[in-house]
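Colleague: Start from chain S and add chain A according to the hints.
Protein chains: 2
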Amino acid sequence: MHIYDLDTPAVVIDIDVLERNIQQMAAHCKGLGITLRGHTKSHKNPAIARMQVASGSRGIVCQKLGDAEVMAKAGLDDILMTYNIVGRQKVRRLTELARWRKMTVTADSEEVVRGISDQARIDGVRVGVLVEMDTGGKRTGVQSPEAAAQLGQLVMGLPGLELRGLMTYPSLTSGKAFMDAAVEKFHELGLPTSIISGGGTGHEAISKQLGCTEHRSGSYVYEGLSRISRNEDLDPQRCPLRVVTTVVSVPTRDRVIIDGGMKTFRLFPTYPYGKIIEEPDASIYGMSVEHGHVDVSKCSRKFKVGDRLTVIPLYQEGVTNLHEEITGFRKGEVELVWRVEGRGKVR
Amino acid sequence: MHIYDLDTPAVVIDIDVLERNIQQMAAHCKGLGITLRGHTKSHKNPAIARMQVASGSRGIVCQKLGDAEVMAKAGLDDILMTYNIVGRQKVRRLTELARWRKMTVTADSEEVVRGISDQARIDGVRVGVLVEMDTGGKRTGVQSPEAAAQLGQLVMGLPGLELRGLMTYPSLTSGKAFMDAAVEKFHELGLPTSIISGGGTGHEAISKQLGCTEHRSGSYVYEGLSRISRNEDLDPQRCPLRVVTTVVSVPTRDRVIIDGGMKTFRLFPTYPYGKIIEEPDASIYGMSVEHGHVDVSKCSRKFKVGDRLTVIPLYQEGVTNLHEEITGFRKGEVELVWRVEGRGKVR
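Residue numbers (our numbering), protein chains in the order written: chain S, 334 to 680; chain A, 334 to 680.
Check the hints yourself; a few may be wrong.
Given that identical chains are not distinguished, each listed pair holds provided it fits within a single copy or across any two copies.
Distance condition first, Cα-Cα at most 20 Å in a straight line; then the derived PhoX-like pairs of lysine-lysine [unchecked claim]:
1) LYS631 <-> LYS471
2) LYS406 <-> LYS435
3) LYS435 <-> LYS541
4) LYS363 <-> LYS541
5) LYS637 <-> LYS471
6) LYS664 <-> LYS509
7) LYS471 <-> LYS509
8) LYS509 <-> LYS637
9) LYS637 <-> LYS664
10) LYS509 <-> LYS631
11) LYS518 <-> LYS363
12) LYS509 <-> LYS541
No lab work stands behind these hints: they were computed from the structure.
Bound conformation, chain S alone (with noise of 0.2 Å):
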């Protein structure tokens, strides 16, 4: 079956671009000498997550707990949650994830690694820590070196759990002073830092650079804005994520509107919103919920209902996460159908 045969609007993944992608990304971290950790939240499908590991991966990453559920379910282990766990029903998830798989947390404050140590001791299990630290991103993260050396410290000394070092996000050339003043209070403290982890696709180098152990990249796996963001193109060659949409209108000599829109690509500002593939020259200038509206005025060919059109979607980890299935084909040819496991698991 041809992917133009399936029931639009349907996300699609070519497959022989995936792998190659994976493989890409593996020998770039190895070439730099550094250990890749893949982040699984671009695809939320445990079946490319043993891709990544397979490839090389160190582990996974998840954003979310429900996301850390569905992969340890899957047999992924050594799983690395780059998110602060707060509040009792969450604590409990994370201690019962720590029972069977190899469990480390980032944290930033008092407040969570008291949470987590907490309930650790009474079930009975170990959880790793690494120390978030603010290098520059300005999202979480621990302020400055000395605090950081100070968290490290209240973890040392808390029953279930385990420090094993430090992390940072995105990984900055201008955060290098910040990391390098921890990773030496750690050392003076005699506090372990088995993980330097650093992160953000197309940042490996830099992480290389900032003395990481370890590095944290998740979309390079479909790409896409990050390579809009590197002025590069939407290739078809390099992005292996696509939906195949319907012209369902034809109203006027320059204008079609195809079956998808916000509900199907979700939005995204300021950026263009893809790319057709077969029509380099029609431009989508606009979505509705459930409409997409193209202009196909530079297009030489007349364009009639019913014909497809596969868009590359720029933000491709907000596609994966509005559908429950994806279908992987090569070279047209339908092959599988996944699920996207971890498909809105916000907890």
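Modeller: Same frame as chain S, but now just chain A:
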């Protein structure tokens, strides 16, 4: 159980406010002398659709077949699909629905109506058709009153179809000449106009001025974006949908980070992200995938990890489409949990 005791991020609905919104829109349309037909795309929830019908909505509107199937199974009837149904798989699902529900579709081309007619004839069912006009919305719809009449005549001659009238979206005063001419042509040709359907929350009075017999509104159940577009506040007395979040990090005095980001709220460009009910002086200034970034520099209180903050999201329809379940409450106390049955039904 108080909504603050739910694990977060938790999408919740103030049922009292929801009921009032539904009743007020029904009263508004009754006052104008126009029939309300409630759109269900904002909530995708059969329970809320039933509330719309119980308050005076004449049937319902769906934008995708998957939504219509969910609503039909839940007992809703007289379903208008404001979407060109294209392709064999979809047309068969439509005729399947027409076996046991009164189905009406909009259409703007010969291809669409012939495709439906072919299958309806085979299956021995009747599908109602409204000719969709582009009276200024510049999306789908025929481009002239003449084209509307021509398509209407074609529908009259096709088996399995029952022409029921005309449709436009959105209802615009600038579209009056187009609509008057189309209705006149329909009358001249003896084509039925038992339904002349206008649409868009806030456009009810315009539909009446345009001579519409019914008006399609949907986002009124939650308000939100429609209020902001009228320069009104995201008032908790008008906006029943909220997201209860937890503060997971207090990195600086000016900034707190909550546990809901783009995958909880769905980013909407150019507008603010939402309003925090407990802290009117706080401002959500950014969102990463799973984190919300809140500026609290103007707040007098001190925040700590674990604090609950309740956000009225701006783009409420985008939120419901990301979550499987929504908790209904009255006066802060949990009353029930609704499944968002239509979530992710893009086909």
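Colleague: Output the indices of the hints that this structure fails to meet, ascending.
Modeller: Violated hints (numbers, rising): 3, 6, 8, 9, 10, 11; every other hint is consistent with the structure.
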